[in-house]
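For reference, the chains in residue letters:
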Amino acid sequence: DAGVIQSPRHEVTEMGQEVTLRCKPISGHDYLFWYRQTMMRGLELLIYFNNNVPIDDSGMPEDRFSAKMPNASFSTLKIQPSEPRDSAVYFCASSTTSRWTGRYSGYTFGSGTRLTVV
Amino acid sequence: AQTVTQSQPEMSVQEAETVTLSCTYDTSENNYYLFWYKQPPSRQMILVIRQEAYKQQNATENRFSVNFQKAAKSFSLKISDSQLGDTAMYFCAFMKHDNSGTYKYIFGTGTRLKVLA
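Here the protein sequences line up with chains A and B, keeping their order. With the working numbering, letter number 113 in the first sequence gets 115, and the count goes up by one each step, no holes. With the working numbering, letter number 79 in the second sequence gets 80, and the count goes up by one each step, no holes.
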């Protein structure tokens, strides 16, 4: 498996512009998570999905942020309009519990998108 | 609420030596998972090792092992024969395990480890 795939790897945008981050989870994983990492706040959970359904979006900073998971193999995180304080590394991660062993896989993270809003 | 504390912001170790990173957590849960993740300068978050709370035996993965003390709520990571490639930020994470379907991690603030040649 290619792992969790995120795109783009780097994004530089101007304040006020719309930004869309993309994630392809590992095939068969039924949980998908979006995290944001900054020096000041560390790793923050923004939202997570189970079987494509948003379960907890309490970490989404404000209405400018939205996330979708239209199918099991794709998710997007959108920021509109973007602001300089949104500059961070955004991670997507996926996980599952084995039907056979009942063992939880733990998160597998993508390589992250470094977003810079100028 | 659960909390995870990594009290060592930075550590260094000589190549080939052994180093232990500490992690403590606070929870009233009985069933949970604990993880250590490594984040090298490439920024990729890599799972190093995991421990199920119901298992008494400490997890090991090659040069990486944990000392899991459930009563003390301690979960330290030992790296043996340290290598330059072990230089990274290390995060401890807690996840409760129940039938509610909640699979959120609680992360510690990280320990920056530098392996010296």
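No wet-lab data here; the hints were simulated from the structure. All C-beta atoms, glycine included, are put in the ideal place defined by N, C-alpha and C. Treat the hints with care, since some could be wrong.
[As the list claims (entries may be wrong)] The calculated lysine-lysine pairs, modelled on DSS-like cross-linking and capped at a C-alpha distance of 30 Å, are: (1) Lys105(B) to Lys115(B); (2) Lys115(B) to Lys79(B); (3) Lys80(A) to Lys56(B); (4) Lys80(A) to Lys71(B); (5) Lys80(A) to Lys70(A); (6) Lys97(B) to Lys71(B); (7) Lys105(B) to Lys70(A); (8) Lys115(B) to Lys74(B); (9) Lys97(B) to Lys56(B); (10) Lys97(B) to Lys79(B); (11) Lys74(B) to Lys70(A); (12) Lys26(A) to Lys79(B); (13) Lys26(A) to Lys105(B); (14) Lys74(B) to Lys56(B); (15) Lys56(B) to Lys105(B); (16) Lys115(B) to Lys71(B); (17) Lys79(B) to Lys56(B); (18) Lys71(B) to Lys56(B).
[Stated by the list, open to error] Simulated coverage check for chain A against chain B, where a stretch passes if three residues somewhere in it have a Cβ under 8 Å from a Cβ of chain B: (19) 22-30; (20) 91-101; (21) 111-118.
Taking the hints in turn, this is what the structure says about them:
1. Lys105(B) to Lys115(B): holds, 29 Å
2. Lys115(B) to Lys79(B): Holds, because 14 Å separates the two Cα atoms, which is no more than 30 Å.
3. Lys80(A) to Lys56(B): It is violated: about 40 Å lies between the C-alpha atoms, which goes past 30 Å.
4. Lys80(A) to Lys71(B): It is violated: about 40 Å lies between the C-alpha atoms, which goes past 30 Å.
5. Lys80(A) to Lys70(A): Holds, at about 9 Å.
6. Lys97(B) to Lys71(B): Given that 30 Å is the threshold and the Cα spacing comes to 14 Å, the pair holds.
7. Lys105(B) to Lys70(A): Since the Cα atoms of Lys105(B) and Lys70(A) sit roughly 18 Å apart, the hinted pair holds (cutoff 30 Å).
8. Lys115(B) to Lys74(B): holds, 26 Å
9. Lys97(B) to Lys56(B): Satisfied, since the Cα-Cα distance of roughly 14 Å is no more than 30 Å.
10. Lys97(B) to Lys79(B): holds, 23 Å
11. Lys74(B) to Lys70(A): violated, 37 Å
12. Lys26(A) to Lys79(B): violated, 33 Å
13. Lys26(A) to Lys105(B): Answer holds: Lys26(A) to Lys105(B) is near 19 Å, not above 30 Å.
14. Lys74(B) to Lys56(B): holds, 14 Å
15. Lys56(B) to Lys105(B): Distance of about 21 Å is within 30 Å: holds.
16. Lys115(B) to Lys71(B): holds, 28 Å
17. Lys79(B) to Lys56(B): holds, 18 Å
18. Lys71(B) to Lys56(B): holds, 10 Å
19. 22-30: Check failed, 0 qualifying residues.
20. 91-101: It holds: at least three residues are needed, and the stretch 91-101 of chain A offers 4 whose Cβ sits within less than 8 Å of chain B.
21. 111-118: holds (count 4)
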